[in-house]
Amino acid sequence: MKFEILDKELWPIAKSLITQYRRKGYKTILIEKPFDRAASFRPTLICKKGNENIAIEIRNDPVFSEYFEDFVKDCLAERRPVKVYLAMPSILGEEEIALTHSFMSKANGYGVGVFLVHEKEVIEYIKSVKCNMRIGPNDCIISSRGKDKILPIISRFNKGEPIDAIRDITELVENLVDNLAKKASKKRKVVPRIKEVTDMNFETKINLLSASDWHGKHQKKHFNEDFKSDLKSFKGARNLSHHPRDKVLSKKLEQQLIERMLMGTRLSNDLLVCLFK
Amino acid sequence: MKSTKLDNISPDLITKNPDNPRLVFRQEELDTLLNSIKKVGIRVPLSIYEETEKKKYVLLDGERRWMCAKKLNLDKIPVIIEPKPSRLENILRMFNIHNVRVQWDLYATALKLQEVKRLLEKEGKPDSIKDLAAVTGVSETTVKRAFELLKLPKKYLHLLEEELKRPKSEQKFSEDFFLEMMKAVKVIERYTPEIIEKTSKTKIMDSFKDKYEKGTITNIVKFRNVSKIARSENAGVPSSKAVPILKKLISDPKYTIDDAYQDSVAKAYEDRSLTRDIESISERLSEINKKRLSPEFKALLKKMKNIIETLLE
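In order, the protein sequence lines correspond to chains Z and R.
For the first sequence, our numbering begins at 1 and goes up steadily by one.
For the second sequence, our numbering begins at 1 and goes up steadily by one.
These aren't lab readings, by the way, just hints derived from the structure by calculation.
Treat the hints with care, since some could be wrong.
Stated by the list, open to error - Listed below are the simulated DSS-like cross-link pairs for lysine-lysine, each with C-alpha atoms no more than 27 Å apart in a straight line:
(1) R:K186 x Z:K2
(2) Z:K27 x R:K291
(3) Z:K2 x R:K165
(4) R:K165 x Z:K8
(5) Z:K33 x R:K165
(6) R:K39 x Z:K73
(7) Z:K2 x R:K38
(8) R:K76 x R:K155
(9) Z:K8 x R:K222
(10) R:K16 x Z:K15
(11) Z:K228 x Z:K217
(12) Z:K182 x Z:K221
(13) R:K290 x R:K267
(14) Z:K49 x R:K70
(15) R:K172 x Z:K106
(16) Z:K48 x R:K70
(17) Z:K8 x R:K186
(18) Z:K127 x Z:K182
(19) R:K16 x Z:K24
(20) Z:K73 x R:K155
(21) Z:K73 x Z:K182
(22) R:K56 x Z:K2
(23) Z:K73 x R:K56
Since this is a predicted model, take the numbers as computed values, not measurements.
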């Protein structure tokens with residue numbers, strides 16, 4: 001184990017982290033190496049196990065420096081499958097390290113985890129979220145109507161609770177389709193009466209709102225064909241909750257989760273616009 | 001003459017120079033450099049030499065820039081490849097490169113000066129302070145101060161090492177603190193050896209260090225007054241008066257250097273200073289031509305005469 005950049009004083013912290021990750025089964029541990037050739041930064045440690053990649057930058061103070069922030073932004077933009085952590089000693093001299101509000105909000109905002117290390121004890125003070133499993137402000141457009149309903153779900157997803165977030169967004173999409181169908185029925189824009197609409201399942205409601213003709217009677221068509229097929233393909237999203245052990249399946253699941261989440265936000269946003277038109 | 005060449009190479013092909021005496025790179029300073037290199041890149045080429053056997057390059061100048069380049073995963077960096085120097089040439093070249101920039105801490109410089117001295121001695125070359133200053137380009141005063149610093153007890157050298165890792169603004173104990181304190185202890189040892197006989201030098205240093213840490217000693221320059229107390233006989237105060245005060249200064253954690261100075265030699269030094277002034281004025285007045293005195297000057301003399309007469313009554 002050879003550190004060329006890390007301050008000698010921080011070597012014990014690096015060693016504690018390496019021991020901890022080796023114990024967890026991370027066989028590949030890279031020291032001061034880039035995550036990939038295009039990476040703009042070399043974190044102190046990169047620990048790898050299957051589809052799990054952990055990048056840890058060790059420093060002696062809780063500071064979110066500009067170049068580190070750029071690295072995190074880079075990982076998010078490139079959707080790198082890596083969890084980024086900052087590790088630091090929990091005690092500086094005789095004083096306990098103080099994490100400032102701005103530091104904490106930056107760490108939470110970017111999904112960067114924090115390790116506090118004292119002698120051989122490693123505390124995961126803030127959990128990290130994989131960079132490819134976060135939705136950034138540029139990833140989706142949310143109208144003012146959607147902010148209250150969609151943003152809390154995105155934030156849940158970004159906090160590392162993708163399965164719960166997918167469940168929430170699926171429920172939101174289902175409720176919005178239901179609301180829209182009932183509203184259309186009340187306003188006589190569709191043929192079936194409200195009781196009939198209430199008894200319909202999700203797929204029938206989609207069919208109803210996508211049809212310009214219902215059992216031979218003319219009605220208003222709310223959804224075009226693309227939107228209809230998107231809604232139908234989305235309805236299975238809540239089933240994405242198994243835990244694959246295989247690296248390939250795990251990667252596939254991550255890809256599906258982020259795609260479904262992005263689809264869910266887009267659909268619910270469009271449904272909200274449609275509902276309040 | 002061997003030639004140098006300019007090139008762009010991967011930072012991964014370069015290794016640290018084991019003879020770079022700078023021991024500590026402060027995190028804040030590195031952060032600033034990292035941010036700057038991230039924005040504008042490396043503008044000044046690094047100096048390296050080729051270690052042919054190992055197929056590597058060794059740094060002569062630019063360790064911090066090299067670390068930043070690695071951290072930022074830069075593909076290539078500008079370098080000047082110089083001919084491989086001998087060990088002594090290597091250390092001396094680094095002294096010459098870095099000395100101009102005043103970047104090395106005195107402690108780091110001291111450690112390397114010690115190494116240079118050993119190598120000079122091995123090669124049978126002169127190794128006096130003057131010679132060391134000449135070959136390294138470091139001033140004689142700095143060489144002296146550096147060697148003086150190495151005389152500190154090990155625990156203080158360790159403390160200093162730890163302090164130097166902090167940003168300058170957060171350092172409590174500087175190299176100057178230890179040098180000033182050591183000077184004072186040296187004077188105590190020379191002029192009032194009875195104190196050292198009863199208390200060890202390290203104990204005196206411990207006491208001064210604690211007082212400085214707790215704020216009882218507010219400024220490192222105050223140690224100069226400790227020296228004045230120890231040299232009390234120079235000001236006409238018997239050593240028998242200064243010794244108990246010095247002992248109290250060492251043993252009483254709340255007793256300040258200012259108090260000790262006032263209680264012992266302050267008046268004597270003031271008197272001595274005034275006596276010198278009076279002697280100097282008297283000598284100069286006696287040389288003045290009476291006819292050339294202006295009315296204003298005469299008035300001043302009269303005023304002074306009145307004061308003196310009042311004092312003598």
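>> Next pair to validate is Z:K228 with Z:K217; report whether the Cα-Cα distance is within 27 Å.
In response: holds (20 Å)
>> Check the hint pairing Z:K49 with R:K70 against an upper bound of 27 Å on the C-alpha distance.
In response: holds (25 Å)
>> Holds or violated: Z:K8 and R:K222, Cα atoms, limit 27 Å.
In response: Distance ~35 Å between Z:K8 and R:K222 Cα, so the pair is violated.
> Quick one, are Z:K73 and R:K155 close enough, alpha carbons at most 27 Å?
Replying inline: Roughly 45 Å separates the two Cα atoms, so the pair is violated.
> Given the hint that R:K165 pairs with Z:K8, does the C-alpha gap stay at or below 27 Å?
Replying inline: holds (10 Å)
> If you draw a straight line from the CA of Z:K182 to the CA of Z:K221, is it 27 Å or shorter?
Replying inline: Holds: Z:K182 and Z:K221 sit about 14 Å apart, inside 27 Å.
>> Hinted pair, alpha-carbon criterion (27 Å max): R:K76, R:K155. Please report holds or violated.
In response: Measuring from Cα to Cα gives roughly 43 Å; hence the hint is violated.
>> Hinted pair, alpha-carbon criterion (27 Å max): Z:K73, R:K56. Please report holds or violated.
In response: Given pair Z:K73, R:K56 is violated - Cα atoms ~34 Å apart, limit 27 Å.
> Between R:K172 and Z:K106, does the CA-CA distance stay at or below 27 Å?
Replying inline: violated (31 Å)
> Given the hinted pair Z:K2 and R:K38, is their alpha-carbon gap at most 27 Å?
Replying inline: holds (25 Å)
> Within a Cα-Cα threshold of 27 Å, do R:K56 and Z:K2 meet the stated pairing?
Replying inline: holds (17 Å)
>> What's the verdict on R:K290 and R:K267, does the C-alpha distance respect the 27 Å limit or exceed it?
In response: violated (35 Å)
Comparing the model with each earlier hint shows violations of hints 1, 2, 8, 9, 13, 15, 17, 18, 19, 20, 21, 23; every other hint is respected.
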